[in-house]
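Knowing the structure of chain Y, use the given hints to seat chain W on it.
There are 2 protein chains.
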Amino acid sequence: MAATAKSSFSRAQFESLLKRRFFFTESFEIYRTAPNFQGDNRGLYDYGPPGCALQANIVGEWRNHFVIEENIMELDCTAITPADVLKTSGHVDKFADFMCRDPAKGEYLRADHLVKGVLETRLDNHAKVVAGQGKFTKLDNATVKDFEAILAQLDNYGGPELGELIERYDIRNPNGDGKVLPPVPFNLMFQSTIGPSAAAPIYLRPETAQGQFLNFQKLLEFRRGAMPFASACIGKSYRNEISPRSGLLRVREFLMAEIEHFVDPDTSKSHERFAEIANVQLPLLDRETQLSGSTNVRSVSIVEAVHGKTAAGKALVDNETLGYFLVRIYLYLLKIGADPSRMRFRQHLDNEMAHYASDCWDAELLTSYGWIECVGCADRSAYDLTVHAQHTGSSLHVEVTRPTPIEVDAWQAELDKKVLGPRFKKDAKKIETAVSALDQETLASLADELSQKAVITVPTAEPLANGDSSVQLSGDICTIQKVKRVEHTRKYIPNVIEPSFGIGRILYSVLEHVYWHRPGDVARGVLSLPILVAPTKVLIAPLSNNAALQPVSKNLAARLRRLRIANDVDSSSTSIGKRYARNDELGTPLGVTIDFETVENGSLTLRERDSMAQVRASEDEIVQAICSLVEGRETWADIYKRLPPFTSQGQDE
Amino acid sequence: MAATAKSSFSRAQFESLLKRRFFFTESFEIYRTAPNFQGDNRGLYDYGPPGCALQANIVGEWRNHFVIEENIMELDCTAITPADVLKTSGHVDKFADFMCRDPAKGEYLRADHLVKGVLETRLDNHAKVVAGQGKFTKLDNATVKDFEAILAQLDNYGGPELGELIERYDIRNPNGDGKVLPPVPFNLMFQSTIGPSAAAPIYLRPETAQGQFLNFQKLLEFRRGAMPFASACIGKSYRNEISPRSGLLRVREFLMAEIEHFVDPDTSKSHERFAEIANVQLPLLDRETQLSGSTNVRSVSIVEAVHGKTAAGKALVDNETLGYFLVRIYLYLLKIGADPSRMRFRQHLDNEMAHYASDCWDAELLTSYGWIECVGCADRSAYDLTVHAQHTGSSLHVEVTRPTPIEVDAWQAELDKKVLGPRFKKDAKKIETAVSALDQETLASLADELSQKAVITVPTAEPLANGDSSVQLSGDICTIQKVKRVEHTRKYIPNVIEPSFGIGRILYSVLEHVYWHRPGDVARGVLSLPILVAPTKVLIAPLSNNAALQPVSKNLAARLRRLRIANDVDSSSTSIGKRYARNDELGTPLGVTIDFETVENGSLTLRERDSMAQVRASEDEIVQAICSLVEGRETWADIYKRLPPFTSQGQDE
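Chains as they are written, first to last, in the numbering used here: chain Y, 1025 to 1677; chain W, 1025 to 1677.
In short, the hints are calculated from the structure, not lab data. As the structure is a computational prediction, the values presented were derived from the model and not from experiment. Some clues are possibly wrong.
For identical chains, the list gives no copy identity; a pair is met inside one copy or between any two copies.
Said to hold, decoys possible - Below, a list of computed lysine-lysine pairs in the DSSO-like style, where the Cα atoms sit at most 27 Å apart: (1) Lys1043 - Lys1515; (2) Lys1508 - Lys1441; (3) Lys1454 - Lys1162; (4) Lys1129 - Lys1450; (5) Lys1242 - Lys1665; (6) Lys1359 - Lys1578; (7) Lys1454 - Lys1111; (8) Lys1454 - Lys1203; (9) Lys1242 - Lys1578; (10) Lys1602 - Lys1242; (11) Lys1043 - Lys1242; (12) Lys1242 - Lys1441; (13) Lys1260 - Lys1506; (14) Lys1242 - Lys1449; (15) Lys1260 - Lys1508; (16) Lys1449 - Lys1359; (17) Lys1140 - Lys1506; (18) Lys1140 - Lys1169.
Just chain Y, same shape as in the assembly (with noise of 0.2 Å):
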């Protein structure tokens, strides 16, 4: 089936069923069609019954592997965000593209995007022209070379190079062919203020992970001080996208289900529960491949991947905690419908990685918009726990009992505050407080600098009274000695593993995955999503709209509620073929048929929507099945082989 579906696979048939069946829609879709909306709704879309019961049952799964599953801490942490707090994470300076301006038609294009598509279609079209195809412009042999490489390392360049590539290759506006503006940084978070006096800006975030570091010491109370642990969060995350495309793929508001494993680094981030997948089977395309200018994917047990060594002498995968989520994303992504065949992992080039990250591995399914990043899983070393520390003077560390304390040559500054006081009057205590927030290294380097200059800049986290941010201190008020300390804790600041999934993306490719259609016709399409994330589970269909039927599908409707199985009446007058077709559709595993039968001796009729077989027998026993099925107890093939099948009437079209 899966083959079928691919080779001929056409998005349009897709995309159709999709809207038709109401898994999504564009947000405020009316508006956009009414006269005089000046508003821009590109980018937002709202999920409609089968869309947003598919998403919460993806959701719901996810809370079961991992929060339960894992004994993750989840949080739910508010999305608006104070500037400060986005400021010193990086994102009000870093988290931006760069776009470009067309003057003459007034539009904003996302520069590496323009780039991107005007050379692909040049490289499109003089391919064209070599295989005879058409009239477009011929490339000469180098022009072709440097397209390519260009577009091989196209995440490599920052507003700058693309605008000299712009400028070089004069790169148009697809759409009017006017030329454009150099590319200007815009900052994608959208900003608002809080409160009557809008003085104090906010955004809302781009991700979810801000909050829970924020929570580091709550979390570490919590979990009573034991390491590691992992906190998560799902929620809604925004992005102001300059000109969002793709559909689902790139949205300006958006699911997220993020955890973030806080680890000790110096226990080489070993994972307790590793051995109990060590040996599962991972689909690896790891960095060096990539340089190698390969996109071949290697089938990698994890034990191997983290213990074994590459040709470098380097693990494929970093450490244990890394690989043991991989392999936990990859059995989830399994269970909720994704095809094994179009999954990787690709581990991020050093150039794409975002600016908080020291590793990254993405889970990509591979779809119609090619292979998309559904779940990203970095290493975000300790940075963001740091900056935050240094920003608010908060502990975000960890301090655990050396079994037996050790003795350290330490660097120690000492300030004169006899000195002190008098020189520096209201500034000392700032001072004081400066002096002793310095770090071994820094004070290595000052002492040093003290032994040559008599005199030392530190720098001050709150300004002085003069406007300045440093003080100027000589050898008669500060020493800096080299000291013997006796250590009983060690303090780290830990570092953090974070599996980033995008929910949105996850559920499009999922979507594609299992999207097929019934042999010799695209207009019966179906899909196959398993019964664990199936919008609906069961169909009831009374087979004719007979009112002596009618009962029996209430209380087989009740019956199921009761038991928290999600079901639909369709008492509708269409033919039992076509319902049966619509559920298809909408992924309803399930289907259950009243007849007239059913009235004279209780019994029903059980079918599956994939193999279109039926069984038939009681109410009691299909509803055991049903619940079976639901609850992953037996398949469809334990059901078909012990209950009678059922051909007789009541069967698709």
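Below, chain W alone, put in the same frame as chain Y:
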């Protein structure tokens, strides 16, 4: 227990428990306490692990109780909303509170809260003087009466009236006694812009309802045209409160769960499943009772409330659909732990209803802050669908085939196209559209006008070439006549009954309801959360940290996880009594202890939180009992009856 709790309730003790156990925390706390923080984090709260799990369970049960049980179509709509939508719905103009600025302090105060606070303080002080308890200003009898009258109808006052009261009674900022400026309206929606041009204004939604209304036609189609039906949306909404106080009860970002039940007004809003709940008794406080100056709640069966008549000859609750939802709300609140003796349904007074509502009953829970509106159940009539249809020109109505066609007298306007085109040129089309959009009522009055003045003015949806938004039409171009018409269908705009749940308010109020402390020890708090919503179902506690006990607790935890039962292993070296006490505060209903007898014969003890009673049995029996309790098949009384009690060790201290 409930009585103990209420009589000795200390909010300080209670909130200290919630914060200590990380049910919630103020968001960005480490930033607020950092030097130089210029932001505003008031009214923003994060839920910690138990708060978040409780919230997830409350929402999960909401989905079962409403979405699955009532077969409601759930949507997930975006929070980002174009300004046009909220202009049409009335929120841009009317969703505001009045505020006064204190120029001396630079503070903004909500005007009604300011008047309320100051007058209540004056009355309190007066009462103390009368009782001989302090040296405050005594008030004369007329003033006392005035103040009481003002407080009773505070919701009645708009900005000018509040300004007059502030002037007349010299009401000042209690913080510093400064005079305040006159009240000005402050719109409560967070505003931003979308897209790089920043030309398109957006708001964060203040309710989830609008997204549902805009999808009405798609929902109707999904339901194959069958009425009535309901949609629902669970998601964050945002209100930029002027000065948030009262902890979780008045916040700027909050989770809502809203149902929009669309019903044909001609069916008297009857409800198919009304009979199932007809005899449920509800605690009702209707409008007439309140206007008579009483707050006495009557316990009335819903069938009597809907189908009986009050002394005034009206039904207490307007219709079956409203009544049905009131009962379903009541049953839901009971299930998740609300105390029925602290619950009431209060009908809104005319002047306190939202701008869109024609009737409204609030489910209120009594807390230490007074009666709190937790669920609003409003009849929004056809307001929203009507205004959106008018603004967009989209169809947001239902058209049903009449059993037998009817002949009706109808006003019909005709334009003489031979005159229209030449006279109005490019505007002709717009004028045709405007005339065809006129409803019967307008046509009737225009017919009258035309006969008297020979010219009428018709508003146009789009501005005309000269910029006018209406056109004058004379009798030579436009005729309006009454004609006979056969109608085969009936068109109507559905009315909407809207149960709207503030999840955060429910969560907080339920926590107050289930909180009590062990007799004689205020420091030993207990949260008697129903097992259905308790954050963690089972504490697993090895009696000592002897290595022999670890594998048992690990295996038991894994076994419960496989059954998707949230559990927590506490192997810390603190006494078992302290570990129980911590879990009582977390609301964990069950505790399993593992001791040396477990290693010998495999038996475990199971403790129940509220009674502290324990039983001892084999692991299989204990796990079976846990499942049975979690799934609601048995109560603790049942378990305690059938498993051997245990009293010897591992007791509460």
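So, going through the hints one by one against the coordinates:
{"no.": "1", "hint": "Lys1043 - Lys1515", "verdict": "between (55 Å within a copy, 26 Å between copies)"}
{"no.": "2", "hint": "Lys1508 - Lys1441", "verdict": "within (23 Å within a copy, 102 Å between copies)"}
{"no.": "3", "hint": "Lys1454 - Lys1162", "verdict": "neither (68 Å within a copy, 51 Å between copies)"}
{"no.": "4", "hint": "Lys1129 - Lys1450", "verdict": "between (59 Å within a copy, 26 Å between copies)"}
{"no.": "5", "hint": "Lys1242 - Lys1665", "verdict": "neither (54 Å within a copy, 41 Å between copies)"}
{"no.": "6", "hint": "Lys1359 - Lys1578", "verdict": "between (32 Å within a copy, 25 Å between copies)"}
{"no.": "7", "hint": "Lys1454 - Lys1111", "verdict": "within (23 Å within a copy, 51 Å between copies)"}
{"no.": "8", "hint": "Lys1454 - Lys1203", "verdict": "neither (54 Å within a copy, 37 Å between copies)"}
{"no.": "9", "hint": "Lys1242 - Lys1578", "verdict": "between (50 Å within a copy, 25 Å between copies)"}
{"no.": "10", "hint": "Lys1602 - Lys1242", "verdict": "between (56 Å within a copy, 20 Å between copies)"}
{"no.": "11", "hint": "Lys1043 - Lys1242", "verdict": "between (44 Å within a copy, 10 Å between copies)"}
{"no.": "12", "hint": "Lys1242 - Lys1441", "verdict": "neither (36 Å within a copy, 75 Å between copies)"}
{"no.": "13", "hint": "Lys1260 - Lys1506", "verdict": "neither (50 Å within a copy, 55 Å between copies)"}
{"no.": "14", "hint": "Lys1242 - Lys1449", "verdict": "neither (37 Å within a copy, 71 Å between copies)"}
{"no.": "15", "hint": "Lys1260 - Lys1508", "verdict": "neither (51 Å within a copy, 55 Å between copies)"}
{"no.": "16", "hint": "Lys1449 - Lys1359", "verdict": "neither (66 Å within a copy, 64 Å between copies)"}
{"no.": "17", "hint": "Lys1140 - Lys1506", "verdict": "neither (56 Å within a copy, 64 Å between copies)"}
{"no.": "18", "hint": "Lys1140 - Lys1169", "verdict": "within (14 Å within a copy, 76 Å between copies)"}
Comparing the model with each earlier hint shows violations of hints 3, 5, 8, 12, 13, 14, 15, 16, 17; every other hint is respected.
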